[in-house]
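A.B. asks: So the sequence lines, in the order shown, correspond to chains A and B.
Heads up, the first sequence stops at 160 in the working numbering, and the numbers go up one at a time, no gaps.
Heads up, the second sequence stops at 196 in the working numbering, and the numbers go up one at a time, no gaps.
What the hints contain is simulated information worked out from the structure, not anything from laboratory work.
Quick caveat: nothing in here was measured; it's all calculated off a predicted structure.
Watch out, some of these pointers could steer you wrong.
[To be verified] Partner residues aside, some chain A positions facing chain B, computed with beta carbon under 10 Å:
#1 Y9
#2 N14
#3 E26
#4 N28
#5 Q40
#6 I42
#7 L59
#8 L117
#9 I149
#10 D155
#11 L157
#12 F158
Positions of the beta carbon are idealized from the N, C-alpha and C atoms, including for glycine.
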Amino acid sequence: MTNPQMVMYEEEFNQIQAIVVRLVKEANARVVFVIDKNGQEIAKAGETDQLDTTSLASLTAGNIAATGGMAKLLRENEFTTQFHEGERANIHIQIVGNRVILVVIFDSKTSLGLVRLRVKKASEELNQIFEALLRKVQDPNRETPFAEITDDDIDNLFND
Amino acid sequence: MSFINVLSREINCKIVYYGPGLCGKTTNLQYIYNKTNPDAKGKMISLATETERTLFFDFLPLALGEIRGFKTRFHLYTVPGQVFYDASRKLILKGVDGVVFVADSQIARTEANLESLENLRTNLAEQSYSLDKLPYVIQYNKRDMPSVAPVEELRELLNPNRVPEFEAIASTGVGVFETLKAVAKLVLTEVKRQAG
Ligand SMILES: Nc1nc2c(ncn2[C@@H]2O[C@H](COP(=O)(O)OP(=O)(O)O)[C@@H](O)[C@H]2O)c(=O)[nH]1
Ligand SMILES: [Mg+2]
Chain A
1 MTNPQMVMYE EEFNQIQAIV VRLVKEANAR VVFVIDKNGQ EIAKAGETDQ
51 LDTTSLASLT AGNIAATGGM AKLLRENEFT TQFHEGERAN IHIQIVGNRV
101 ILVVIFDSKT SLGLVRLRVK KASEELNQIF EALLRKVQDP NRETPFAEIT
151 DDDIDNLFND
Chain B
1 MSFINVLSRE INCKIVYYGP GLCGKTTNLQ YIYNKTNPDA KGKMISLATE
51 TERTLFFDFL PLALGEIRGF KTRFHLYTVP GQVFYDASRK LILKGVDGVV
101 FVADSQIART EANLESLENL RTNLAEQSYS LDKLPYVIQY NKRDMPSVAP
151 VEELRELLNP NRVPEFEAIA STGVGVFETL KAVAKLVLTE VKRQAG
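Pulled out of the complex, with its shape left as it was, chain A reads as follows:
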């Protein structure tokens, strides 16, 4: 087993961030964020200040994992879209290309229809970026950002 690591490079990060920022505007959403299926936050935009996005990311990933498990029991493919309706806030969750999750939080300033429409376009674009990123990460000649670190550096972190 090797557990492939995910690396986010500046170029792709900027592309993803641009899509997320645009989605907030075009869908008239409160918050948009992208996380990976393990609950790691990748990008976010909108009114994220008062929001604990780390917790939300982990819970969303848990939720997607649980629904994925349910789908498997029903011999379904993954349920790619989820929608939770609240009194003031609604959450739209979309799996993108089977590896990342696009989350949109919105209120009555906009509509589910508009959110769906904009999410569809954004997720197609995100999917392409993540496919390119994956090829880059798997390229043996890629930049390796953590390679410069020595065992001593790691030791030092834990000597206090």
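Chain A is fixed; fit chain B with the ligands onto it per the hints.
C.D. replies: Relative to the frame of chain A, chain B with the ligands by itself:
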């Protein structure tokens, strides 16, 4: 699966605390949470039943400092220990970078420890992971209880490969940070190995 963000110079890793029901997994995370500076941790989330048994998982995001400008962030998870929550345990193991097996040192829990360790191996194998290749440490918890098995015995039973092991009393914090640091170090060393 570790996640490195080149732009923000952050490395994110996932560590799972595994073990039989009531061995002290949640207590480990609670102690870490209580003893960590507010700026180094996020909220601890516990998806628990009304009787405080873990239902799905506990989650604690934690920053352990910087290595050459790389912020190291760890997501700590616990699994529910009861046998019937196996489906949930499998989900939580997805993308794991390092495992802590928390054993309950009480003689009466010998079977439960063995079963849980076997279950860990099976669930990892389903995702084509192997415990022998994953950063992995063992904690012998509840050393303060009256009828505990000697560590040598626990080692024979649970740690044939002699991975790093720690005696602990999670409720008072003994051994808790030692365990965390050991697994975090193994995880970072593995990340470096893969990068290098
Ligand atoms: N005496 C003693 N009690 C402990 C220790 N660690 C945990 N406990 C107690 O054991 C019970 C179960 O712990 P918990 O962390 O919920 O177990 P989990 O099911 O593994 O998450 C709680 O009442 C804890 O306070 C320990 O080292 N010594
Ligand atoms: Mg628990």
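A.B. asks: Taking each numbered hint in turn, which are not upheld by the structure, reported in ascending numerical order?
C.D. replies: 3, 4, 8
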